[in-house]
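J.: One letter stands for each residue in the lines below.
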Amino acid sequence: MAFDLDMVRKEFPILAREIDGKPIVYLDSGNTSQKPHRVIDAMTDFLENSYAPINRSSYRLAGEATEAYEGARCAVARLINAPSPDEVIFTKNATESTNLIARSWGVTNLREGDVVVLTHMEHHANIVPWQMLRNELGIEIRWVPLTADGQLDLTNLDQLLDGAKVFSFTAMSNVLGTLPPVATLCTAAHDAGALAVVDACQFVPHNATDVQAWGADLVAFSSHKMCGPSGIGMLWGRMELLDAMPPFLGGGNMIDTVTLDGYTTAPVPAKFEAGTPPIAEAVGLRAAVEFLEDLGMDDIRQHEINLTRYALDTLNDRFGDDITIYGPDDTAVRGGVLSFAFRDLHPHDVSQILDERNVCVRAGHHCAKPLMQVLGVQSTTRASFYLYNGTDDVDALADALDSATDIFGL
Amino acid sequence: MAGLEDLYREIILDHYRTPRNRGELESPPAVESRGHNPLCGDEITLFLLVDGDGDDALVADVKISGQGCSISQSSASMMTQAVIGKSVGEARAMIRRFRSMMGIEDIEMQPGDDDIDLGDLEALQGVVKFPVRIKCAVLGWSTLADALDHA
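Residue numbers (my numbering), protein chains in the order written: chain G, 6 to 415; chain H, 316 to 466.
Accuracy of the hints is not assured; some may be wrong.
Distance ranges between label pairs, derived from CB positions [stated by the list, open to error]: (1) H/V443 <-> G/I260: 33 to 41 angstroms; (2) G/D215 <-> H/H465: 55 to 63 angstroms; (3) H/Q440 <-> G/E23: 22 to 30 angstroms; (4) H/P426 <-> G/L52: 31 to 39 angstroms; (5) H/P343 <-> G/P150: 37 to 45 angstroms; (6) G/N54 <-> H/I326: 56 to 64 angstroms; (7) H/S342 <-> G/R14: 52 to 60 angstroms; (8) H/E339 <-> G/E23: 47 to 55 angstroms; (9) G/Q217 <-> H/T333: 56 to 64 angstroms; (10) H/S342 <-> G/H42: 56 to 64 angstroms; (11) G/D11 <-> H/S415: 45 to 53 angstroms.
Computed list of chain H residues with no C-beta within reach of chain G, every gap over 12 angstroms [claimed, not checked]: (12) E320; (13) N336; (14) P343; (15) A345; (16) G369; (17) D370; (18) A375; (19) K378; (20) Q396; (21) R407; (22) E423; (23) Q425; (24) G427; (25) D461.
Everything labelled a hint here was simulated from the structure, so no lab data went into it.
Remember, predicted model here, so these are calculated numbers, not experimental data.
Cβ atoms here follow ideal geometry from the backbone N, Cα and C, with glycine treated the same way.
Just chain G, with the same shape it has in the complex:
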């Protein structure tokens, strides 16, 4: 089935909403995505008809809820081509997933002087947990720099990885849209004897994902950026690794048994899922995965390639030297994220003016302050696309930028 934008848009009730009599132009999906009917309906139906605790009660309703929750795990495993659903751990969000990696694997395996390699385009969620370990354990953090067009500069990668225990990197920059060569980086990590950790938060919603083809060890991503609800995130890891890792949070559900003297842990994934998990959210997530699968990840990616090309060309043609768009120009290595500087206007002012026309963008540091320092800016304005965006949204963005000229008299 060909990608039908009109049909896709009809799936998203919020896109029918108007503010001040004008439609919403939602260009902030890199932040969080909108939700289709299917996801909303699946959660409502579950809450109205099937809600119950999971994994602990023996009545039929609880069995139904457990099955629904585990069904979500299977759907996620299928989406990323995980060898087994048991390797998919549900967390609160991708940030909790990266913290789980640092606290569980990191604290167990890293010692003073050990090296963790990150890149200059990481989100704070893949920086701060490692910096916390640096403070606590005295590990060393090395950084892979960027080229002028915002790709990873891999010239000295082997030296940076020399002696490293972990290489943790984003599969798609939330600021630049850059898509680094994940499989190559995983191989480089392994060749150096390092663990390959992938922050796939921005990648999974927009691209066909195959964690086995990547050869990754641990992969963090989240539901809310891929049409699913907020409140649930994912960590995929190789079973052998997960088995050897100690639990992250302690409590109910993650134990095998508890006595006055101590505890033993449940098998993976329950070992990492302490407490009552986001049950209805898992049901919504499953609906989101099925929605994406029905559309086809390759078709979604192609749609976004076309849209990104159109946006780069339109903005550059219309504004020339007045706009600086960061990141690579080649859409083969770039997702639908456009961070830019517009004239000498501050991003807050740009976003305020765009909001007047219901054009929703993010202004700020995008939780990537080290990258802002590398780019030599305090903040940027960012438009980020998803499957419900079209060329009309790009045109609306460009028209709204034009109006900034009038207001600021530039």
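Since the structure of chain G is provided, determine the placement of chain H on it from the hints.
T.: What follows is chain H alone, placed relative to chain G:
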């Protein structure tokens, strides 16, 4: 509905385009204070030179450096003009009055505060209709309050 004209008043744009009292002061004797908005990453550095002690001391000079949006920059610029030449006590009262105008509630207003004329700064009243921007407008003022505490 609050329109952009409520926010981007001419006097605000004027101070944004031509900020007053930009620069730095030698520190010491000036007090240097940094303020930042963690939400957007805006950072300003304020230099305050006070002559004398206590509330009667004179705010002899204030300079601002750093970057920010039109609202934070213009607010800080107008603030410097408003407080230079005033006493420390008057400057503190202006801070309370301005924060109160921004709808910030946990301020211990003192008698007479409501009567303070903020002059051009009243143009920033429209910011209240755009709650996300209030933090921008008060950035310079919080930094000044911090500097006064350390003067």
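J.: Compare the structure with each hint and give your call.
T.: Evaluation of the provided hints:
no.	hint	result
1	H/V443 <-> G/I260: 33 to 41 angstroms	violated, 52 angstroms
2	G/D215 <-> H/H465: 55 to 63 angstroms	holds, 57 angstroms
3	H/Q440 <-> G/E23: 22 to 30 angstroms	holds, 28 angstroms
4	H/P426 <-> G/L52: 31 to 39 angstroms	violated, 54 angstroms
5	H/P343 <-> G/P150: 37 to 45 angstroms	holds, 38 angstroms
6	G/N54 <-> H/I326: 56 to 64 angstroms	holds, 59 angstroms
7	H/S342 <-> G/R14: 52 to 60 angstroms	holds, 56 angstroms
8	H/E339 <-> G/E23: 47 to 55 angstroms	holds, 48 angstroms
9	G/Q217 <-> H/T333: 56 to 64 angstroms	holds, 60 angstroms
10	H/S342 <-> G/H42: 56 to 64 angstroms	holds, 59 angstroms
11	G/D11 <-> H/S415: 45 to 53 angstroms	holds, 50 angstroms
12	E320	violated, 9 angstroms
13	N336	holds, 19 angstroms
14	P343	holds, 28 angstroms
15	A345	holds, 24 angstroms
16	G369	holds, 37 angstroms
17	D370	holds, 35 angstroms
18	A375	holds, 30 angstroms
19	K378	holds, 19 angstroms
20	Q396	holds, 21 angstroms
21	R407	holds, 28 angstroms
22	E423	holds, 30 angstroms
23	Q425	holds, 32 angstroms
24	G427	holds, 34 angstroms
25	D461	holds, 20 angstroms
Taken one by one, the earlier hints fail for this structure at numbers 1, 4, 12, listed in ascending order.
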